[in-house]
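Participant: Spelled out, the chains give:
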Amino acid sequence: MRRATGWLAAFYAAAIYAFIFLPVAVLVLFSFQESRLPVPPFDGPSLAWYRAVLEDRRLTEALGNSLLVAILSSMVAAVLGFLAAYGLARYRLPASGLQRALITAPLSVSYLIIGLGLLIMFSRLGVPRSLVTVGIGHVVINLPLCFAITYSQMGAHQVNIERAARDLGARDRQVLLLITAPMLMPAILAGFLLSVTFSWDEFIIAFLLSRFEVTLPVEIWSLLRSGLNPENNAVGSIVFLFSFALVIVMELLLLRKARRS
Amino acid sequence: MTAEVEIRGVSHRFGETVALRNVTLSIGAGRFAVLLGPSGCGKTTLLSVLGGFLFPTEGRVLIGGRDVTTLPAARRPTTTVFQDYALFPHMTLGANVAFGLRMRGVARAARNARAAEMLRLVGLEGAFDRRPHELSGGQRQRVALARALAVEPEVLLLDEPLGALDLKLRRQMQEELKAIQRRVGTTFVHVTHDQEEAMAIADRIVVMNAGRVMDQGPPEQLYLRPRSRFSAAFMGEANFVAVEVRREGGTIRIDSPFGEHRLPATVSDGDFSVSGPAELCFRPEHVACGEAPEGSIDLGRGTVRDIAFSGSHRRARITLDALDGGEILAYLPQAMEVAADAGLRLHLDPARVILLPREEGP
Numbered sequence: 001m002r003r004a005t006g007w008l009a010a011f012y013a014a015a016i017y018a019f020i021f022l023p024v025a026v027l028v029l030f031s032f033q034e035s036r037l038p039v040p041p042f043d044g045p046s047l048a049w050y051r052a053v054l055e056d057r058r059l060t061e062a063l064g065n066s067l068l069v070a071i072l073s074s075m076v077a078a079v080l081g082f083l084a085a086y087g088l089a090r091y092r093l094p095a096s097g098l099q100r101a102l103i104t105a106p107l108s109v110s111y112l113i114i115g116l117g118l119l120i121m122f123s124r125l126g127v128p129r130s131l132v133t134v135g136i137g138h139v140v141i142n143l144p145l146c147f148a149i150t151y152s153q154m155g156a157h158q159v160n161i162e163r164a165a166r167d168l169g170a171r172d173r174q175v176l177l178l179i180t181a182p183m184l185m186p187a188i189l190a191g192f193l194l195s196v197t198f199s200w201d202e203f204i205i206a207f208l209l210s211r212f213e214v215t216l217p218v219e220i221w222s223l224l225r226s227g228l229n230p231e232n233n234a235v236g237s238i239v240f241l242f243s244f245a246l247v248i249v250m251e252l253l254l255l256r257k258a259r260r261s
Numbered sequence: 262m263t264a265e266v267e268i269r270g271v272s273h274r275f276g277e278t279v280a281l282r283n284v285t286l287s288i289g290a291g292r293f294a295v296l297l298g299p300s301g302c303g304k305t306t307l308l309s310v311l312g313g314f315l316f317p318t319e320g321r322v323l324i325g326g327r328d329v330t331t332l333p334a335a336r337r338p339t340t341t342v343f344q345d346y347a348l349f350p351h352m353t354l355g356a357n358v359a360f361g362l363r364m365r366g367v368a369r370a371a372r373n374a375r376a377a378e379m380l381r382l383v384g385l386e387g388a389f390d391r392r393p394h395e396l397s398g399g400q401r402q403r404v405a406l407a408r409a410l411a412v413e414p415e416v417l418l419l420d421e422p423l424g425a426l427d428l429k430l431r432r433q434m435q436e437e438l439k440a441i442q443r444r445v446g447t448t449f450v451h452v453t454h455d456q457e458e459a460m461a462i463a464d465r466i467v468v469m470n471a472g473r474v475m476d477q478g479p480p481e482q483l484y485l486r487p488r489s490r491f492s493a494a495f496m497g498e499a500n501f502v503a504v505e506v507r508r509e510g511g512t513i514r515i516d517s518p519f520g521e522h523r524l525p526a527t528v529s530d531g532d533f534s535v536s537g538p539a540e541l542c543f544r545p546e547h548v549a550c551g552e553a554p555e556g557s558i559d560l561g562r563g564t565v566r567d568i569a570f571s572g573s574h575r576r577a578r579i580t581l582d583a584l585d586g587g588e589i590l591a592y593l594p595q596a597m598e599v600a601a602d603a604g605l606r607l608h609l610d611p612a613r614v615i616l617l618p619r620e621e622g623p
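Protein sequence lines, in the order shown, are assigned to chains A and B.
For the first sequence, position 201 (counting from the first letter as 1) is numbered 201 according to the numbering used here, and the numbering increases by one without interruption.
For the second sequence, position 238 (counting from the first letter as 1) is numbered 499 according to the numbering used here, and the numbering increases by one without interruption.
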């Protein structure tokens with residue numbers, strides 16, 4: 001009886017992981033397909049479609065655009081999120097509870113609504129759609145995340161450390177740059193890296209707010225309109241690999257810090 | 262560097278709560294002063310007022326004759342050693358200690374040399390490149406001390422710096438603190454709730470309670486000649502017996518449960534009225550056994566209720582017939598083996614007793 005339950009549990013776990021990872025595994029597998037259709041039977045492995053991706057100027061440009069937007073918008077989001085967290089954690093502000101709620105509210109609003117809102121606002125203001133507007137959209141969705149992560153790491157212990165710095169003659173700006181920011185660097189970095197992964201494969205906002213220059217997910221979407229193709233699998237695998245690598249980096253960075261303190 | 266500290270009529274309120282009530286205090290340059298009192302007595306608030314982390318609701322703070330009441334911490338000639346050390350976790354010990362000098366624009370080579378010298382002063386030679394998380398509590402406390410002293414403050418403020426250390430380490434650090442204070446000559450203001458620590462390190466103790474200064478002076482004076490019932494009870498153990506006093510020329514007549522006695526006027530510094538209710542206070546170690554000699558205060562017969570061996574003495578709770586079974590505490594000699602329920606005759610040397618004004622409550 002116990003043995004049967006054990007087998008059942010193992011089967012259940014295997015089914016769950018298969019359900020989660022099988023689509024990704026299939027995508028990656030058929031990116032190594034030799035022939036023109038990413039369907040069984042598998043006739044690879046071949047790197048032909050990766051070469052095709054790297055030779056496709058539109059794809060490599062989109063990849064570059066995605067990296068640029070992801071890194072710059074995440075930097076802005078991490079800095080603004082940190083500053084907001086510092087202000088709300090260290091100073092007595094009017095209605096600080098409400099302000100915190102307002103900053104984190106975009107986390108619960110769908111990307112479609114945020115994208116539409118920004119699209120309407122930009123066209124009203126006469127701001128042309130570009131990678132800059134996409135970046136702004138990504139700051140809007142990622143700032144609450146960076147804020148929440150940084151804010152959660154601001155404790156009373158650091159207040160005394162900041163006091164000590166002030167006591168030794170540091171001005172507010174020096175306390176912020178030399179003490180608070182380095183102390184919270186793990187949280188700030190975590191926010192930054194998460195933002196990069198979110199921005200990297202974000203589609204709706206990027207689709208609504210871009211025009212001539214597009215990010216990778218938008219480019220992949222337009223490729224898909226012309227049908228299934230192992231090249232899509234290859235570029236999808238690259239996107240996945242990049243996100244996966246970021247998560248690993250974050251895990252290592254944060255785990256290392258956690259063990260130290 | 263060193264300077265005197267003067268606090269004039271300082272009061273501080275946190276909303277409805279009054280943390281400090283009209284505190285006036287002066288601490289001489291180069292002194293090692295200890296603010297002593299139970300938690301919530303206002304000692305830490307007073308330290309924050311000195312350090313520039315709190316601005317008092319009323320009153321003035323002068324350091325070296327200069328009014329610093331409204332100056333922020335960064336611009337005061339004070340530095341603070343915090344209870345939780347507050348070291349910068351992302352910097353080496355050297356960078357921690359050199360931080361204050363860096364803020365003052367001292368060149369890297371000069372400030373690093375000074376930091377190494379300060380680390381040597383606190384016994385952490387060669388630890389320049391280590392980081393705070395590698396250190397034990399006692400070592401962190403030393404780094405915090407070195408960091409605060411590196412900028413040569415005129416006054417060093419210590420906020421229960423030894424509170425988190427175990428007893429043995431605390432004793433050792435007390436001695437080191439005292440030695441370092443003598444070497445650098447800076448005025449130290451140290452906050453603690455531990456009266457033994459206060460007596461071990463201070464050359465001036467300020468006893469506080471409920472936001473007020475209850476008593477102040479050198480440890481010996483505070484212990485042997487306290488000026489309030491609170492400080493007598495807080496500085497070690499004490500017995501209190503209600504008496505009536507009458508001043509007669511150069512002597513004080515007391516009417517106590519132990520009879521009438523004449524005491525020299527030196528037994529009281531209190532400014533209570535010439536005649537009236539007062540309290541006779543005596544330390545447990547001043548209770549002597551045996552027949553009362555001429556001129557002593559005869560406490561009469563007592564019965565030992567409970568006795569415990571405490572190493573240097575035997576701590577006994579004794580009920581006295583003269584107090585109708587009222588209890589006193591006595592430290593009997595180590596060599597004296599007494600069983601519980603034993604009867605004893607006890608007396609006091611009148612030169613050892615203290616007269617205090619009677620206060621409401623304990």
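Hints listed in this document are in silico derivations from the structure and should not be mistaken for laboratory results.
Built from N, CA and C at the ideal position, the CB exists for glycine as well.
Possibly wrong hints are sitting among the right ones.
[Said to hold, decoys possible] Reference listing, derived: stretches of chain B covered by chain A, where coverage requires no fewer than 3 residues with Cβ under 8 Å from a Cβ of chain A:
1. 339–347
2. 432–446
[To be verified] The calculated label-pair distances, taken between Cβ atoms and stated as ranges, are:
3. Ser571(B) x Ser152(A): 47 to 53 Å
4. Ser96(A) x Asp455(B): 36 to 42 Å
5. Ala526(B) x His157(A): 29 to 35 Å
6. Met262(B) x Thr104(A): 45 to 51 Å
7. Gly497(B) x Thr104(A): 31 to 37 Å
8. Arg2(A) x Asp455(B): 39 to 45 Å
9. Ile248(A) x His394(B): 20 to 26 Å
Participant: Determine for every hint whether it applies to the structure shown.
Facilitator: To see whether the hints hold, each was checked on the structure:
Figure legend: the segment 339–347 of chain B, annotated as covered by chain A; annotation consistent (6 residues with Cβ-Cβ distances under 8 Å, at least 3 required). Note: the segment 432–446 of chain B has 0 residues with beta-carbon separation from chain A under 8 Å; the three-residue rule is not met and the coverage is violated. For serine 571(B) paired with serine 152(A), a C-beta distance near 50 Å keeps the hint of 47 to 53 Å intact. Our hint of 36 to 42 Å for serine 96(A) and aspartate 455(B) holds, since their Cβ atoms are close to 38 Å apart.
For alanine 526(B) paired with histidine 157(A), a C-beta distance near 54 Å fails the hint of 29 to 35 Å. Checked against the hint of 45 to 51 Å, the C-beta distance between methionine 262(B) and threonine 104(A) comes to roughly 49 Å, which is consistent with it. Range check, glycine 497(B) to threonine 104(A): Cβ separation about 55 Å, and the 31 to 37 Å hint is violated. The given range of 39 to 45 Å is broken by arginine 2(A) and aspartate 455(B), whose C-beta atoms sit roughly 59 Å from each other.
Between isoleucine 248(A) and histidine 394(B) the beta carbon distance is about 25 Å. The supplied range of 20 to 26 Å therefore holds.
Violated hints, listed in ascending order, are 2, 5, 7 and 8; each of the other numbered hints is respected by the structure.
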